[in-house]
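Peer 1: So the sequence lines, in the order shown, correspond to chains A and B. All residue numbers for the first sequence refer to the working numbering, where the first residue is 1 and numbers rise by one. All residue numbers for the second sequence refer to the working numbering, where the first residue is 1 and numbers rise by one.
Hints in this document: simulated from the structure, not taken from any laboratory. This one's a predicted model, so the numbers in the text were calculated from it and none came from an experiment. Glycine included, C-beta positions come from ideal geometry on N, C-alpha and C. Treat each hint with caution, since some may be false.
The calculated label-pair distances, taken between Cβ atoms and stated as ranges, are [what the hints assert, rightly or not]:
no., chain 1, residue 1, chain 2, residue 2, range
1, A, N212, B, P12, 27 to 37 Å
2, A, K114, B, P12, 33 to 43 Å
3, B, G168, A, K214, 54 to 64 Å
4, B, E191, A, K158, 19 to 29 Å
5, A, S111, B, L244, 58 to 68 Å
Some chain B residues judged to face chain A by a derived CB distance under 10 Å, without partners named [claimed, not checked]:
no., residue
6, L43
7, Y45
8, E192
9, L196
10, S197
11, L198
12, L199
13, A201
14, Y205
15, I206
One-letter residues, chain by chain:
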Amino acid sequence: MIVFENVTKKFPLGNIVLENISFSVEEGEFVFLVGPSGAGKTTIIKLIQREILPTSGSIFIDEMDITDKKFSNVLTLRRNLGVIFQDFKILYDKSVFENVALSLKVLEKYSFSKIKEKVKETLAIVGLEGKEGVFPIQLSAGELQRVAIARAIIGEQKIILADEPTGNLDPKTAWEIMKIFKKIEKQKTIIFATHNTDIVNSFQRRVLVLKNGKIIKDLRQGKYEF
Amino acid sequence: MRDFLISIKRAPFQSAASFLVLFFSLFLTFFLLFSLAFFEGLLTYLETRPQIIAYFQPKTDENEIFKIRNDLSQSGKVLSIKYVSQKEAFEIYKKMNKDNPLLLEMVSEEILPPSLEIYAKKPMFLPEIAEYLKKHTSIDEVQFQKDILERLLTLTSILRKVSFSFFGYLFLMTMTVLMAVTHFKVALKKEEIELLSLLGASSFYIRKPFLKESLLMAFFASVFSFSLALLILFYFHPFLNSYLQGISGLTVNVLNFSFNVWPINWVFLLAIFFLTSFFGIVLSLLASFLATSKYLNYN
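Modelling step: build the complete structure from the supplied sequences, incorporating the hints.
Peer 2: Shown next, in the form of structure tokens:
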């Protein structure tokens, strides 16, 4: 469970990105974060990863206060998060296999054969069977995003944070990507930041609408509106 | 090894800079250590020679010689004193000239002087002991190796000081260059490091490839520098051999271990190799560790 309590984030130059926001996400829930650019969607994702800390307020993940200065479990926290970035963050000097396997390798507990097996399984889920040895330069944008999704779901991640994963894709590819999310949503908690009206409307999941750093609407089975 | 080769291929100039600076430092370290040990060994050798020999007039009463010997022993400045009687001196003379009957015929026991061979506790006591001996009228001649010892003492002391300063400089120079090069390499992998950090990789996991590369670089640099140093050493071996003719061996004591420095001894050379390798590895790992620290901030 993810809980935001009166979270405010100000950047050093004084601009307020999030202002006193509170919400909670239950385990297994699928939540869309929608809002115009600069509304604070990416900041929420970065706060959950503890990539940045809030200026005030607290964030709890499974009852652990990750904003506590003494919080020392950053590795465990991040290993429980699968993050999909808008710019994919794919390593171009590594093959598809190596990119996807990174999430398992960092855990430092899986044998190479186990990693190989799990990568194969995960690539099948995202529709990239047999592309283990291919390098990112040889892939389309949609395929790159699938690699990023595979990397986010292969490990022990309980929570998937998707930061506009369809933002750089054409509508057809975006829908194919969403099919993958449909497949995995039952096993994971998903927070999905997007601008895509069609996707939000067709999924009929919870929608948090952000505007100027505030949550202006929290809609169960909502639609894209702000 | 594959990752190491890929890294060299990706940043050949940075890798060459790391290797060359390590190679140069370890090469100099090898020669500094060898020279230091060599001079220490020479000093030890000279200290084990009779440092003062006092030759008495042939008819000096033995009791007078024993009195001088006792006085010196009680002074606290003498390590040991050996009395060589006329009879013993003649035996030594006979041994030395056994192939020359003419010389043996010319000399008898009575004309050889009895002597005291004195070993001082510290070379600095030598002039004082010599002065004391010269005051005795029964002593004909006092021989001591003041100049050689003093020069060697000064040289060893200077070499030690220069070595420490030079080590300090080498350490700083190598660290700075290695850190700058590793910083650059880390910057090239900035995206990967950031990603690994977001995926929950431990600091050690992220550092591991850089540390591994440093380890291998230091190992190869020490092997190459050692090989070159050996070539040079063996090239100058005949010259050193003729220069040190008459010296059967030089030994240096380090932490209760005794190493033979001369003639060239493989155990001693390997000990220096391990020491320089250790120095190189520590230096290289430390530089990588510090250079990667900048990118491993988990808030």
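Peer 1: Take the shortest C-beta to C-beta distance between S197 of chain B and chain A; is it under 10 Å?
Peer 2: holds (8 Å)
Peer 1: When the nearest CB of chain A is found for I206 of chain B, is that gap smaller than 10 Å?
Peer 2: holds (9 Å)
Peer 1: Is 33 to 43 Å right for how far apart the beta carbons of K114 of chain A and P12 of chain B are?
Peer 2: holds (36 Å)
Peer 1: Interface hint check: L196 of chain B, Cβ to nearest Cβ on chain A, cutoff 10 Å. Holds or violated?
Peer 2: holds (6 Å)
Peer 1: Taking the CB of E191 of chain B and the CB of K158 of chain A, does the distance hold inside 19 to 29 Å?
Peer 2: Since E191 of chain B and K158 of chain A have Cβ atoms about 26 Å apart, the given range 19 to 29 Å holds.
Peer 1: Let's test the interface hint: is any C-beta of chain A closer than 10 Å to that of E192 of chain B?
Peer 2: holds (6 Å)
Peer 1: Is 54 to 64 Å respected by the C-beta to C-beta distance linking G168 of chain B and K214 of chain A?
Peer 2: holds (59 Å)
Peer 1: Using the beta carbons of N212 of chain A and P12 of chain B, state whether their distance is inside 27 to 37 Å or not.
Peer 2: Once the Cβ atoms are compared, 51 Å apart, the range 27 to 37 Å for P12 of chain B and N212 of chain A is violated.
Peer 1: Using 10 Å as the Cβ threshold, decide whether A201 of chain B counts as touching chain A.
Peer 2: Check passed: Cβ of A201 of chain B comes within 4 Å of chain A, closer than 10 Å.
Peer 1: Is the interface hint satisfied for Y205 of chain B? The criterion is a beta-carbon contact with chain A at less than 10 Å.
Peer 2: OK, holds: Y205 of chain B within 10 Å of chain A, min 6 Å.
Peer 1: Against chain A, run the beta carbon of L43 of chain B and see if the smallest gap drops under 10 Å.
Peer 2: violated (53 Å)
Peer 1: Against the range 58 to 68 Å, how does the distance between the Cβ atoms of S111 of chain A and L244 of chain B compare: consistent or not?
Peer 2: holds (59 Å)
The structure is inconsistent with the numbered hints 1, 6 and 7, although it conforms to all the rest.
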